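Asks: Each chain is listed here by its residues.
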Amino acid sequence: MAEPTALEGKSAVLEGLGAHPAVKALMAWNAGALEDAKFHRGELTMTIAREQIRAACEAIKKAGYNFFEDLTAVDWFPSSPRFQLSYQILSHALKQYVRLRVMVDEADPAVDSITPVWPAADFYEREVFDLFGVRFEGHPNLRRIMMPDDWQGHPLRKDYPVEGYR
Amino acid sequence: MPDLAELPVIEAMKAEGTTDRHMVLNMGPQHPSTHGVLRLVLEIDGEIVLRLVPEIGYLHTGIEKTCEAKFYQQVVPLTDRIDYLSPMANNLCYCLAVEKLLQLEIPPRAQWIRVLLAELTRLNSHLVWLGTHAMDVGALTLLLYTFREREDILRIFEDVAGQRMMTSYFRIGGLALEPPLDFFDRVDAFIRGFPERIDEYSNLLTGNPIFMNRLKGVGVLSAADAIALGVTGANMRGSGVDFDVRRDIPYSSYEKFDFKVPVSTVGDCWARYEVRLEEMRQSVKIVQQALHGMPEGPIKADAPKVVLPEREKMKTQMEALIHHFKIVTEGFAVPAGEVYQSIESPRGQMGYYVVSDGTAKPWRVHMRNPSFASLQALETMCKGRMLSDVVAAIGSIDIVLGEIDR
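Chains as they are written, first to last, in the numbering used here: chain A, 1 to 166; chain B, 1 to 406.
Chain B extracted, bound-state conformation (with noise of 0.2 angstroms):
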């Protein structure tokens, strides 16, 4: 066991000797607030809050070094471990980023149904965010009621996916199987009883008088401190910067859907919580037009040497076959090359660098996870405010300790 005194950050506050007067907390690694591993060292005056010093990487599994390691094609299932509660973000951001550096064209029905998907992944990840959220600054009841709705996201992926959660259900070129048959009913069943779901957790919180004091005015983040520490997504829109990828730098034909862009001015805890809610509501909108508008046609690009054929091809074609088995035992090999590619995902910018060296291995994956820079700015939220608001500021930001180490 490590002497606690003894770790740098508590040796640079002796140094200062600041540790006289003040008291040095440690919260977390194991903390039913931090929403996982996240260990938080604490300098506080009585209940005031002078320091906070994030110390993450209990979760660090080395997943950008596996990449390397590994064909184009199985690196998919890899990037849903980094966050557990958006799955389909990660996967449809790195399958961009590698289908650029193909020049692959995705059939349009292929991109919509990563649409549909990427936004009930939003709703699920919100759902979670809220229960949590609620939970922490003493609201428990929530957390029954969001469960039960991501219950029915979570059988919609398992329809369509296989997995409740490690779904791998984008690959690159398209997707991995046209979806069942009474699908699209399920989700429209699903999707046309949600926005009353969304009022009833509205009515439980936004009139309440306790979680009202426990958000309003607390973990005040200015928009010139949110872009000048990286923040993005809700936490970014909370503090009034206008900046949504899906709307300004489109991606998987967002262009055609009609969604506005929640933003509040405010910039603390209750901003970011009445624009995640209207994000939600606009998610909502967003499977919606998806489902009525849904084109017909193939699911997989035309690109027999990097998408796996069907598998009635493969058992009565020679040729299928042959690429069948190239792309599983070979890989398939991507032209040599860097892509940046930004995506929004439910935590904010989410973006793939990936590097080719134009083998069937990539040469570098790099994730740049949004829940990593808004953990930066969590002491500036912080700071100069009592203790229990750490937990509330936690909350807020919406971080997931696993996209966070990798």
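Only chain A is shown next, with the shape it has when bound in the complex (with noise of 0.2 angstroms):
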């Protein structure tokens, strides 16, 4: 299968790249938690609905997609939803990367932890709720990990400044 160069939106990746083993996972587990899907330099990111991240973690992790490699967020200030969690996970049988997102709300920043299938997201999640203030339901131990324990704030949110006092 000839590689497309771009693909936008969820039809055009289903369409273009339908044969991609993650994709093809993603669909036969539940194709309505697959909100948004995008192919760009080479990259495959699929936007899953927040309630569902964990369980297409474990859909994808069946696929062949064994090796939790990082999360990070992204704060969008001041779009909303604000923050975008990345999820990349890494398949060392099919030597290929796939992304998954999650978009997260300011009003309640929060998402299932993935950490009863990869233990390795443990610190990633709590780095992301230290720096960005993401909460992560079902943590096993959910406190600071950069900033000292009573630090007040956020500092990888947008409107936390670079320099300076707060």
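Keep in mind that the hints were calculated from the coordinates and are not lab data. Don't take every hint at face value.
To be verified - Below, simulated DSS-like cross-link-like pairs (lysine-lysine); rule was C-alpha separation at most 30 angstroms, straight line:
1. B:K285 x A:K95
2. A:K10 x B:K100
3. A:K158 x B:K326
4. A:K158 x B:K70
5. A:K95 x B:K100
6. A:K158 x B:K285
7. A:K95 x B:K256
8. B:K383 x A:K61
9. A:K38 x B:K285
10. B:K305 x A:K158
All values derive from a computational prediction rather than experimental measurement.
Need the complex rebuilt from these two chains, each delivered in its own frame; the hints are there to steer you.
Replies: Below you can see the structure in the form of structure tokens.
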């Protein structure tokens, strides 16, 4: 299959990359939970419904994406939904990455922890909690990791100044 | 001074009623064997470790936040400062990520010089690891040997970049400068003698009964645990997971090089030692191949709006002067999008996640650093083992705290 250069939107990805193992796995699991998808610069990004991320991780893990590599957040302030969580998942067998994405609102920045699926997410979720203030429900030890325990505010938010006093 | 007994970790232990019989021991942040400012809170029963909680953040400098306030090209020197033992690996990963967004084509010569220096960086980093790790478990002599060779590598870096440690030599679109005239001869002279040096280290350590006793069967990590805990690099390959980004998802023309990926299935500190020692031999092979097959040609991509023009051109051509002025004062716009680029750094899989909103400053730069994940595995390695094995385990996972805290 010739790789397309760029695909924007769920329907375009389903049409152009329907045979991709990650796309197939997520469609077989719950087609409704896949909110959006794009293929850009050779990287596949799939947006998952917020409540479904843990189940989506389980589904994709079964499809051979066995290694959790990275989790981080992006603050899209002032647009809404404000926070984007990006999960980079690697498959050792297929030798490729897939990115799962969850959009989280500012009003209730919380999402299910994926530590039951990959214990490796422990420190990463603590880091996002510390620096962005997104809570992870079901995390075994959700404390600040970089900043002191009594710190006020979340430094990587866009409305937190880069320098000077807060 | 905060009271140690009031820290949340110890509070939790108190709540569980475990502090009566067991002792809570604070190790670090200023401890010679923690390779920086790592603090461990240990719960011990006599000499047996029951729980180990890493407390990090002492070196947190907010590099990710600073990146958001800089132009893309100004981020390169920041990436050096994340990991002071492998600056070139960080430079390379960041440049590859931004080049992916820009869709720049890097000339072969630049790619090969990048490979050459990335492998020298691996040697540099492994030498420091070997020296300090051996020192932690009592073999003090080796540090003097490894730092002797490290000095040679730092001189090579100085030749090419003008700096010994914070090199910033890789730039978006290629390299900063053409290497000096006899540079490749100097690298060749160094690398020719290096396999003998590895034998020398091996002679000092591999048959040494004290060194073997301290490492064999200590800090065991199974393959399943390594994957579950996100451990990568030599730590993962020491546990029997055969994956190397250089070979499996090649970048910067690594697919043109012939090298083996050492794997051990034992998973203890000794296995990690053997894997890293073999990795050094393989790096020597890669450097030799890079020296022999070094292509000719430009060292910068043909992208005048991104890559700074040569000094000569800038002084003589109006257009080059304008480009130079624009890049330095306004930066260059990078198309909107997000990319994740991973490479095999000396410590494992390093990834840079760069999000662009279409302006000249990155909207978000995130570094996935291998040490951060490796540290999570420390408790699994040390649980139920002797306290003194913790020191051997910390040494064997090769962490750098600057990279963990960023």
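Asks: Work down the list of hints and note, for each, if the structure agrees.
Replies: Each hint tested on the structure:
For the proposed pair K285 of chain B and K95 of chain A, the alpha carbon gap of about 24 angstroms is at most 30 angstroms, so the pair holds. The straight-line distance between the Cα atoms of K10 of chain A and K100 of chain B is roughly 23 angstroms, inside the 30 angstroms bound, and the hint therefore holds. This hinted pair checks out: K158 of chain A and K326 of chain B have alpha carbons roughly 27 angstroms apart, not beyond 30 angstroms. Proposed proximity of K158 of chain A and K70 of chain B is supported: the alpha carbons are some 14 angstroms apart, at most 30 angstroms.
With a CA separation close to 18 angstroms, the supplied pair K95 of chain A and K100 of chain B stays within the 30 angstroms bound. Taken as a hint, the K158 of chain A and K285 of chain B pair is broken in the structure, with Cα atoms around 46 angstroms apart against an allowance of 30 angstroms. Annotation: proposed proximity of K95 of chain A to K256 of chain B holds, straight-line Cα distance about 18 angstroms (limit 30 angstroms). Of the supplied pair hints, the one linking K383 of chain B and K61 of chain A holds, its CA atoms being roughly 27 angstroms apart against a limit of 30 angstroms.
Restraint check for K38 of chain A and K285 of chain B: the C-alpha separation of about 40 angstroms exceeds 30 angstroms, so the hint is violated. For the hint pairing K305 of chain B with K158 of chain A, the CA-to-CA distance comes to about 28 angstroms; that is within 30 angstroms, so the pair holds.
This entry does not satisfy hints 6 and 9, going by the numbered hints stated previously.
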